[in-house]
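There are 2 protein chains.
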Amino acid sequence: MAISMDELQLATRNHGMPLEALRYDVTPVGLHYLLVHFDVPAVPEDWRLHVGGLVSRELTLSQDELRERPSVRRIVTMECAGNGRARLEPRIVSQPWIAEAIGTGEWGGVELAPLLREAGMGDGAVEVLFTGLDRGIDGGVEQAYERSLSLDEALAGDALLAYELNGEPLPPQHGAPLRLVVPGWYGMTSVKWLERIRVLDRPFDGYQQAHAYRFRRDEDDEGEPVARMRPRSLMLPPGVPDFMTRRRFVEAGPCSLEGRAWSGVAPIESVEVGVDGEWATARVEPAPDRFAWSRWTFHWQAEPGDHELACRARDEAGNEQPLEPEWNVGGYCNNAAQSLAVTVR
Amino acid sequence: MAISMDELQLATRNHGMPLEALRYDVTPVGLHYLLVHFDVPAVPEDWRLHVGGLVSRELTLSQDELRERPSVRRIVTMECAGNGRARLEPRIVSQPWIAEAIGTGEWGGVELAPLLREAGMGDGAVEVLFTGLDRGIDGGVEQAYERSLSLDEALAGDALLAYELNGEPLPPQHGAPLRLVVPGWYGMTSVKWLERIRVLDRPFDGYQQAHAYRFRRDEDDEGEPVARMRPRSLMLPPGVPDFMTRRRFVEAGPCSLEGRAWSGVAPIESVEVGVDGEWATARVEPAPDRFAWSRWTFHWQAEPGDHELACRARDEAGNEQPLEPEWNVGGYCNNAAQSLAVTVR
Numbered sequence: 001m002a003i004s005m006d007e008l009q010l011a012t013r014n015h016g017m018p019l020e021a022l023r024y025d026v027t028p029v030g031l032h033y034l035l036v037h038f039d040v041p042a043v044p045e046d047w048r049l050h051v052g053g054l055v056s057r058e059l060t061l062s063q064d065e066l067r068e069r070p071s072v073r074r075i076v077t078m079e080c081a082g083n084g085r086a087r088l089e090p091r092i093v094s095q096p097w098i099a100e101a102i103g104t105g106e107w108g109g110v111e112l113a114p115l116l117r118e119a120g121m122g123d124g125a126v127e128v129l130f131t132g133l134d135r136g137i138d139g140g141v142e143q144a145y146e147r148s149l150s151l152d153e154a155l156a157g158d159a160l161l162a163y164e165l166n167g168e169p170l171p172p173q174h175g176a177p178l179r180l181v182v183p184g185w186y187g188m189t190s191v192k193w194l195e196r197i198r199v200l201d202r203p204f205d206g207y208q209q210a211h212a213y214r215f216r217r218d219e220d221d222e223g224e225p226v227a228r229m230r231p232r233s234l235m236l237p238p239g240v241p242d243f244m245t246r247r248r249f250v251e252a253g254p255c256s257l258e259g260r261a262w263s264g265v266a267p268i269e270s271v272e273v274g275v276d277g278e279w280a281t282a283r284v285e286p287a288p289d290r291f292a293w294s295r296w297t298f299h300w301q302a303e304p305g306d307h308e309l310a311c312r313a314r315d316e317a318g319n320e321q322p323l324e325p326e327w328n329v330g331g332y333c334n335n336a337a338q339s340l341a342v343t344v345r
Numbered sequence: 001m002a003i004s005m006d007e008l009q010l011a012t013r014n015h016g017m018p019l020e021a022l023r024y025d026v027t028p029v030g031l032h033y034l035l036v037h038f039d040v041p042a043v044p045e046d047w048r049l050h051v052g053g054l055v056s057r058e059l060t061l062s063q064d065e066l067r068e069r070p071s072v073r074r075i076v077t078m079e080c081a082g083n084g085r086a087r088l089e090p091r092i093v094s095q096p097w098i099a100e101a102i103g104t105g106e107w108g109g110v111e112l113a114p115l116l117r118e119a120g121m122g123d124g125a126v127e128v129l130f131t132g133l134d135r136g137i138d139g140g141v142e143q144a145y146e147r148s149l150s151l152d153e154a155l156a157g158d159a160l161l162a163y164e165l166n167g168e169p170l171p172p173q174h175g176a177p178l179r180l181v182v183p184g185w186y187g188m189t190s191v192k193w194l195e196r197i198r199v200l201d202r203p204f205d206g207y208q209q210a211h212a213y214r215f216r217r218d219e220d221d222e223g224e225p226v227a228r229m230r231p232r233s234l235m236l237p238p239g240v241p242d243f244m245t246r247r248r249f250v251e252a253g254p255c256s257l258e259g260r261a262w263s264g265v266a267p268i269e270s271v272e273v274g275v276d277g278e279w280a281t282a283r284v285e286p287a288p289d290r291f292a293w294s295r296w297t298f299h300w301q302a303e304p305g306d307h308e309l310a311c312r313a314r315d316e317a318g319n320e321q322p323l324e325p326e327w328n329v330g331g332y333c334n335n336a337a338q339s340l341a342v343t344v345r
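Sequences listed follow chains A and B, in order. For the first sequence, the working numbering assigns the number 1 to the initial residue and increments by one for each residue that follows. For the second sequence, the working numbering assigns the number 1 to the initial residue and increments by one for each residue that follows.
In short, the hints are calculated from the structure, not lab data. Note that beta-carbon positions come from the ideal geometry of N, C-alpha and C, so glycine has one too. Some hints here could point you the wrong way.
What the hints assert, rightly or not - In silico negatives: residues of chain B with every beta carbon more than 12 Å from chain A:
(1) Glu58
(2) Arg67
(3) Pro203
(4) His299
(5) Gly305
As the list claims (entries may be wrong) - Example chain A residues on the side facing chain B (calculated, C-beta under 10 Å, incomplete):
(6) Arg13
(7) Asn14
(8) His15
(9) Ala21
(10) Ala101
(11) Pro241
(12) Thr245
What the hints assert, rightly or not - Here are the simulated distance ranges between beta carbons:
(13) Asp306/B <-> His211/A: 21 to 29 Å
(14) Thr297/B <-> Arg91/A: 38 to 46 Å
(15) Gly140/A <-> Leu151/B: 55 to 63 Å
(16) Pro169/B <-> Arg57/A: 40 to 48 Å
(17) Arg91/B <-> Pro44/A: 35 to 43 Å
One chain only, chain A, in its complex shape (with noise of 0.2 Å):
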């Protein structure tokens, strides 16, 4: 496996969550992944969030305006939809996640329904599109960052416009002023820098959706959508590490392993330790939220010598992670067990 200049600047410039930041139930700033599309745009001193295209009424709205309107707080598990891309042979050459595109933010903003409704959109409509400041080229064409939903996704509720991260403005880098957040969707859905909403009477054909975030196989099939986030689960790295080769030295005895789980599309069920193959039932925590990670605990008696740790999830759907990744075109949605090289002294 080699890495080339193109994807060092990425990997450079964005980052992922170090993972003995699994320890916090929510990320602290700076540790949460971070994936920049484009650049972290220049806002203009007068931005204001439009929402027109097939509505009764279009808004136009400031940060004020937005921060006087009701105001929810959810903790919601974000992913990259790229992680674990790096672990996929033969290679696809994109931001070489490994497994560490994760992070879990405590947003604050308004709901998307309620806007949405007040904008009153018209008969025909079926998707909403998302656009963001952040501008550039990406397969030859240039565009502004933007994703869209189905209508019903819109809607469900769920979704919120974040114009805080722990109680805290939004930084720059995750979006401010104001951004999408689709708890359950992997990240790209959750369109930074949000200037526009836009009521469409077809569904949205842009780059970022219908050629990028496809789930495809080979280069013929047309694919699927990548939406919501299969169930993942991450181990903190027990002991200590080697600066180099990150490996992990745990002192012989009782240790305790510790990780969070996650899936978007039904709550957790299970999470399963593996000790060289060998694998047992870990025990699982309520999630702090709807789509919010839950913390998971395991008591391992550590014997000398060389071994591989692993972990699995299974979702309340019966989505469970594969032991071996599943190798598509774009690099998407590789949620393969995390495995773990530990020397017990």
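Got chain A sorted already, so can you dock chain B onto it with the hints?
Coordinates of chain B only, in the frame set by chain A:
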């Protein structure tokens, strides 16, 4: 150039400052570069700062006791000593920074020198050792991360023990509850998660001082300690990027270029901007603090076609950025001029 999985593991957990963040005088939390040598450690609830070694009276200070002391705030530009490492050939395997391991924080806390004077250093004191809570293995040696300063540097009055960043409590990943900040020095000196300060009667010869962070021209060279930041300037990439290659696309016509420049040795004297190899002088603004970066601006008349933009700084001590990197064993201090490929349309 090909990056290994070991390097990628570091690149996805650590992160640089996306260069569009050069627009901010003070880098927002989460955009400042971050290198966590081992892990972000769990901090014990009964954390105390211990000051001991060759002192008249040992001090043990709680967070509250530190906050009761006179506080200072300093705007400090900090760069990783390994910034630019990935540009060196033959390649050096470690955290593969390209140019973005930089940031400017407004650090708040207590000055180091009065604390050392209060402890009262004994005759024969030569160095002060700073030990963090993070532990791991580096070069085959298990260790807590620790670095020393000469007594003169420690007493020079610039160094502070910071418990705030940008007016907020110090985030976990930047060293909470307390970190050393040594203005003007590369970041390895500013020990995070500080637990212990010890006054020594001989130079510290631990791994991070005697082996790592030395500028060695070859394996037989004993080398010199890496210390103060060499001058460097960086340009905010103009126009819009291509997602994958990060190449920039700019509209033809007048184009405002801007960036920042800094040196840990002396104030910035001048910045030059290169357009296809022709150098001209940029306008440099005064730095907001003694060890903070200076903003620079340059008016460029962008003509259609492909161009190579570059910038280089010179400090008042006569140090200047080279055009080519200076290779060394550890891949430190590569302050070669930044170069940026731009297509004008």
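Hints and how they fare:
1. Glu58: holds (28 Å)
2. Arg67: holds (20 Å)
3. Pro203: The assertion about Pro203/B holds, with a minimum of 23 Å to chain A.
4. His299: holds (18 Å)
5. Gly305: holds (17 Å)
6. Arg13: holds (4 Å)
7. Asn14: For Asn14/A, the interface hint holds, since the closest Cβ of chain B sits about 7 Å away, which is under 10 Å.
8. His15: With a minimum Cβ separation of about 3 Å from chain B (threshold 10 Å), the hint on His15/A holds.
9. Ala21: It holds, given that the least Cβ distance between Ala21/A and chain B is near 6 Å, below 10 Å.
10. Ala101: Holds: closest Cβ of chain B sits about 8 Å from Ala101/A, inside 10 Å.
11. Pro241: holds (5 Å)
12. Thr245: Result: holds, 6 Å to nearest chain B Cβ.
13. Asp306/B <-> His211/A: 21 to 29 Å: holds (26 Å)
14. Thr297/B <-> Arg91/A: 38 to 46 Å: For Arg91/A against Thr297/B, whose Cβ atoms are near 41 Å apart, the range 38 to 46 Å holds.
15. Gly140/A <-> Leu151/B: 55 to 63 Å: For Gly140/A and Leu151/B the Cβ distance comes to about 60 Å; the hint holds.
16. Pro169/B <-> Arg57/A: 40 to 48 Å: With Cβ atoms ~44 Å apart, the hint holds.
17. Arg91/B <-> Pro44/A: 35 to 43 Å: Hint holds: Cβ distance 42 Å, inside 35 to 43 Å.
This entry satisfies every hint, going by the numbered hints stated previously.
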